[in-house]
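In my numbering, the protein residues as written are 1 to 126.
Just so you know, the hints here were simulated from the structure itself, not pulled from any lab data. Treat the hints with care, since some could be wrong.
What the hints assert, rightly or not - Okay, the calculated beta carbon distance ranges per label pair:
{"no.": "1", "residue 1": "109", "residue 2": "59", "range": "36 to 42 Å"}
{"no.": "2", "residue 1": "75", "residue 2": "95", "range": "27 to 33 Å"}
{"no.": "3", "residue 1": "71", "residue 2": "44", "range": "19 to 25 Å"}
{"no.": "4", "residue 1": "73", "residue 2": "110", "range": "37 to 43 Å"}
{"no.": "5", "residue 1": "70", "residue 2": "26", "range": "17 to 23 Å"}
Model, not experiment: these values are computed from the prediction. The beta-carbon is built from N, C-alpha and C at its ideal position, and this holds for glycine as well.
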Amino acid sequence: MLRLLPAAVRDPGVLVMSELVTNAVAADAAVGATEDIEVEIVIDPAGRHVALAVTDASDQPLPQTPAAVATDQDSGRGLLLLDALAHDHGWAPRTCGGKCVWALFRCTPAQRCSPPPSERMECAGA
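With the hints as extra help, turn the sequences into a complete structure.
So, in structure tokens, the structure goes:
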């Protein structure tokens, strides 16, 4: 579905989704539950925003306020990336355990973020 979005939303969305999924895989691997990762992409009917959400089964690590990261560290920049690319982001605990991390991207009227009707129909039954 991301391929249907304008590049100004699609490109940062793909990067953020990659970051969220990578974090979820690492978190779930720590608790041995790599099959419990879910990815959701929601485009509001008016085409004003796109929400990306990734859930995992681990209660840790919880997203924290970005801290200073040394240039030689290979991790710790995820929330800095979300701060820079998404219009809003956050997380919430799941009632069944684990967490959901989400990012919101706004679309300008010229971008029109709604997928074409045929794509909505195809995805509705999935």
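Consistency of the hints with the structure:
1. 109 x 59: 36 to 42 Å: About 40 Å separates the Cβ atoms of residue 109 and residue 59, which means 36 to 42 Å holds.
2. 75 x 95: 27 to 33 Å: The hinted range 27 to 33 Å holds for residue 75 and residue 95, with Cβ atoms some 28 Å apart.
3. 71 x 44: 19 to 25 Å: violated (39 Å)
4. 73 x 110: 37 to 43 Å: holds (39 Å)
5. 70 x 26: 17 to 23 Å: holds (19 Å)
When each numbered hint is compared with the structure, a violation occurs for hint 3 only.
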